[in-house]
Amino acid sequence: MIGIASYGAYIPKFMVNRSQIAAAWDFPSIPGTKAVANADEDSLTMAVEAGLDCLKGFDERSIDGVFFASTTAPYLEKSSSSIIAAALDLRKDIITTDFTNSLKAGTTALLVACDTIAAGKAGKILVIASDMRNPEPATMYEYAFGDAAAAFLVSGGDDVAIELVDHVSTSEDLVGPWRRAGDSFVRQMSGKYDDVAGYAKNLASAVKTLLARTKVDPASVTKAAFYGADLRAPARIGKATGITGKAVLDTLFMSLGDTGTAQVFMTLIAGLKRAKDGEVIVLGGYGDGADAILMKIAPGGKDKLKQVKRTRRGYMMYSAMTEIVSTYTKYIAFRNALGKEPFKRKTSTVTVHRDGDFLSRMHGVRCKTCGTVQYPKWRSCIEPTCMASSNMEDVKLAKRGKVFTYVGDHLEGGDYYETPIPRCVVDLEGGGRILLNMTDCNPADVAIGMDVEMTFRKIHEGGEFFNYYWKCRPPRERAGAQEED
Amino acid sequence: MGQKGIKDKIAIIGAEYTKFGERWDANQEDLLLEAVTGACKDAGIEKTAIEAGWVGVQYYFTGLSGATLADGIKLYGKPMTRVENYCASGSDSFRNACYAVAAGAVDIALASGVEKLMDQGSRGLPGFNEFGHAVLPLPSAPAMFSLAATRCFHVHGWTKEDLARVAVKNHANGQHHPKAHFRSPVTIEDVVRAPMIADPLGRFDCCAMSDGAAALIITTPELAPSYAHGDDYVVVKANAISVYTNTPWYLPSFDFTGFLSTQQAAAAAYREAGVTDPRKEISLAEVHDCFTITELVNCEDLGFCDRGKAPEALKNGKFNWDGDIPVNPSGGLKCFGHPIGATGCRMLVEVTKQLQGRADGRQVKDPQLGLTHNLGGAFTVAAVNILGKPR
Chain A
9 MIGIASYGAY IPKFMVNRSQ IAAAWDFPSI PGTKAVANAD EDSLTMAVEA GLDCLKGFDE
69 RSIDGVFFAS TTAPYLEKSS SSIIAAALDL RKDIITTDFT NSLKAGTTAL LVACDTIAAG
129 KAGKILVIAS DMRNPEPATM YEYAFGDAAA AFLVSGGDDV AIELVDHVST SEDLVGPWRR
189 AGDSFVRQMS GKYDDVAGYA KNLASAVKTL LARTKVDPAS VTKAAFYGAD LRAPARIGKA
249 TGITGKAVLD TLFMSLGDTG TAQVFMTLIA GLKRAKDGEV IVLGGYGDGA DAILMKIAPG
309 GKDKLKQVKR TRRGYMMYSA MTEIVSTYTK YIAFRNALGK EPFKRKTSTV TVHRDGDFLS
369 RMHGVRCKTC GTVQYPKWRS CIEPTCMASS NMEDVKLAKR GKVFTYVGDH LEGGDYYETP
429 IPRCVVDLEG GGRILLNMTD CNPADVAIGM DVEMTFRKIH EGGEFFNYYW KCRPPRERAG
489 AQEED
Chain B
77 MGQKGIKDKI AIIGAEYTKF GERWDANQED LLLEAVTGAC KDAGIEKTAI EAGWVGVQYY
137 FTGLSGATLA DGIKLYGKPM TRVENYCASG SDSFRNACYA VAAGAVDIAL ASGVEKLMDQ
197 GSRGLPGFNE FGHAVLPLPS APAMFSLAAT RCFHVHGWTK EDLARVAVKN HANGQHHPKA
257 HFRSPVTIED VVRAPMIADP LGRFDCCAMS DGAAALIITT PELAPSYAHG DDYVVVKANA
317 ISVYTNTPWY LPSFDFTGFL STQQAAAAAY REAGVTDPRK EISLAEVHDC FTITELVNCE
377 DLGFCDRGKA PEALKNGKFN WDGDIPVNPS GGLKCFGHPI GATGCRMLVE VTKQLQGRAD
437 GRQVKDPQLG LTHNLGGAFT VAAVNILGKP R
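Just so you know, the sequences run in chain order A and B.
Residues in the first sequence are numbered consecutively from 9, following this note's numbering.
Residues in the second sequence are numbered consecutively from 77, following this note's numbering.
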């Protein structure tokens with residue numbers, strides 16, 4: 009059996025109220041909010057978060073591949089999936105690749121992962137869809153585009169909870185939304201042609217072909233996650249395919265916005281509650297063609313999902329732990345619409361690679377002489393009472409800890425949008441002490457002894473490349489906000 | 077300490093520093109020349125009498141190598157070395173000069189320090205995005221010391237007012253010093269209300285960027301009587317430097333309420349000088365008050381008071397100009413600013429003049445032993461010197 013064994017999601021902490029956008033431009037207001045990534049986030053860092061959520065309880069050494077799907081990969085040349093795999097501390101003998109340039113990249117990556125496993129080339133592949141599409145200010149896209157990431161762990165083992173039955177893909181050469189290399193913003197021809205001749209026609213036809221081929225009665229489908237660039241689009245696909253309106257899942261457009269490649273994944277994750285064994289699920293991705301995927305809750309899948317759910321933040325926990333940005337301007341600064349020079353430090357691709365074990369993988373060492381767990385990977389013990397040389401063993405450090413001391417650093421004011429930057433000395437669970445900048449926080453709330461967790465972020469753009477590293481933040485979880493069973 | 081040590085082997089026979097401050101009128105060469113010429117004049121020698129020289133400079137942008145000094149004072153063909161050891165660069169320049177004289181390699185050596193910071197136009201110390209690891213966080217200098225302040229507030233219950241009293245005391249002293257950068261008194265309210273630099277340290281908790289230079293001419297006590305200060309030359313009783321980590325935030329056992337480098341350097345210096353009770357024996361101290369929190373922690377690390385009690389001792393006047401142990405009677409870094417390489421030598425010049433009874437600002441009454449203390453980096457490098465009178 010091949011299918012989904014686990015899921016994970018990530019929603020940035022900050023939300024923009026659409027009324028804030030309306031007020032900024034004196035436009036008519038539309039209801040709802042949308043999720044917006046912080047200035048130090050991008051589709052890659054959000055993907056790491058969703059991947060961490062997805063792999064909880066799974067041995068990361070068992071993962072044979074990472075497929076990253078996004079229309080907004082930070083690099084045009086250089087793979088994001090390899091950076092994500094390192095941040096997730098996966099093995100190096102795995103396949104990593106990026107699925108890009110189409111809004112259906114997520115569903116396509118999912119299909120290819122299933123087929124790769126079916127071909128016997130891998131046992132488990134982590135598929136992460138993440139998007140941070142930059143809307144042109146003062147356009148309808150600014151109301152629509154939201155930022156999020158969602159992940160599925162595709163497995164060929166007996167841990168599969170949602171089984172893949174079949175899939176159909178189509179290709180269509182039609183200029184829908186586009187963004188040329190070098191363009192800052194997504195463009196789209198006005199009018200309904202793309203919606204009718206592209207979206208509705210392709211997606212509905214792929215779904216109908218799939219259901220006919222597998223002899224599945226559309227009325228028996230109880231969960232359908234269709235991509236939709238607007239609130240009502242998925243319902244139109246339901247109607248055209250005979251799938252009941254009740255089965256068509258909420259794309260979360262009103263709360264998160266159109267989250268691009270991540271949308272179909274997030275829709276299913278949010279819609280998985282009260283899943284029953286045998287339930288029939290249809291996923292529909294669209295973008296320059298369509299993907300239709302038929303899935304079924306596997307026998308015993310309900311219990312497996314319940315088990316997974318317990319440790320997932322998923323949609324429920326993350327969406328319960330958000331905050332509306334105080335001003336529209338703050339959101340605009342996140343997207344650097346002010347055109348400020350990015351923060352840069354002197355850096356080196358050599359250093360970043362050589363130190364990857366402790367920069368991305370967050371490994372430290374334990375001194376075999378005195379037992380002290382320490383960071384980064386020193387060759388000799390940092391404790392003045394020991395200082396033993398070359399007697400270290402590698403250890404994987406916990407990504408949680410408590411603040412030992414901190415400072416609100418105002419002095420880097422010119423280099424960041426927001427000061428003070430809380431810089432925290434953190435004692436990690438299980439040993440190791442580290443200095444981390446804090447993000448997604450109110451600096452006034454930082455205190456000695458507070459719990460923090462690590463989050464992978466864009467630190468600076470020295471050397472004209474993205475220098476990623478970890479920061480800390482107040483934990484994005486609280487009791488009582490878990491998903492319902 | 078080796079078996080021989082350095083006690084009573086070095087005599088300071090010439091000492092001078094420039095006016096510190098925003099020296100828009102001068103470049104680094106001008107500052108060095110001004111200080112070295114002053115020191116030579118004080119010693120009653122021509123610069124050509126200098127046999128070897130050291131200059132403490134931290135930043136690379138004002139020139140590398142011993143030519144920084146040779147070109148600065150136009151004295152070519154001699155052994156000259158540029159010394160860098162963070163904020164203790166000046167103290168380390170002095171240590172190197174002392175070792176050369178103590179070894180008998182030269183009779184007359186120059187120790188100097190300089191830094192030209194104002195031309196960099198930086199808010200806070202420049203270059204923090206240029207050095208250190210490519211990605212690992214590097215706090216600004218005040219942020220490093222704020223990590224200690226936060227911890228001292230938590231452990232000892234210290235407050236912003238406790239920090240402010242350091243600034244108030246040092247400004248009260250510095251207002252009398254003709255060569256200080258800042259010569260105005262401040263109140264506790266001024267300090268507490270100032271804009272934040274690195275919370276909890278505000279503007280008046282931080283020393284300023286400044287330009288300046290300082291120089292000392294040294295020789296042996298045997299030769300000293302034949303120079304201008306033959307009657308009142310000062311001798312080195314101890315000279316210690318201690319270096320710990322650049323990144324104390326990775327040190328699991330570190331508590332951030334005391335600085336290991338200072339404690340270690342102080343222990344070594346007291347041992348060498350034969351000081352058993354610094355509270356009774358040290359007549360005055362110029363300590364590294366780069367930030368107000370630093371001075372409080374220094375006073376404890378140097379053994380001037382019990383752990384956690386520096387604010388109380390300060391409040392009771394113990395560290396005032398006329399107290400038990402005057403700390404920073406010159407006004408300290410708070411009033412002089414901190415041209416990095418110059419500071420260590422500036423303190424040594426200051427204490428020399430105090431011991432000679434010719435201090436520029438507030439002369440401490442009848443001092444016998446004076447201490448200088450320099451602290452650099454993230455509490456990384458500490459230098460402690462003890463100066464006194466000839467045996």
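No wet-lab data here; the hints were simulated from the structure.
Small disclaimer: the values here were computed from a predicted structure and weren't measured.
Careful: at least some of the hints might be erroneous.
[As the list claims (entries may be wrong)] Derived, one-sided and incomplete: chain B residues facing chain A with beta-carbon distance under 7 angstroms:
1. G200
2. G203
3. P213
4. P215
5. R227
6. V231
7. I317
8. V319
9. N322
10. P328
11. S329
12. G350
13. D353
We treat Cβ as the ideally placed atom computed from N, Cα and C, and that holds for glycine.
Quick rundown of the hints versus the structure:
1. G200: At about 5 angstroms, which falls below the 7 angstroms cut-off, the nearest Cβ of chain A leaves the hint on B/G200 intact, so it holds.
2. G203: This hint is violated: B/G203 lies away from chain A, its Cβ roughly 9 angstroms from the closest one there, beyond 7 angstroms.
3. P213: 5 angstroms, holds
4. P215: 5 angstroms, holds
5. R227: Constraint on B/R227 satisfied, holds at 4 angstroms.
6. V231: With Cβ-Cβ at 9 angstroms, over 7 angstroms, it is violated.
7. I317: 16 angstroms, violated
8. V319: 11 angstroms, violated
9. N322: 11 angstroms, violated
10. P328: Check passed: Cβ of B/P328 comes within 5 angstroms of chain A, closer than 7 angstroms.
11. S329: 6 angstroms, holds
12. G350: 26 angstroms, violated
13. D353: Since chain A brings no Cβ nearer than about 26 angstroms to B/D353, farther than 7 angstroms, the hint is violated.
The structure fails to meet hints 2, 6, 7, 8, 9, 12, 13 from the earlier list, while all remaining hints are met.
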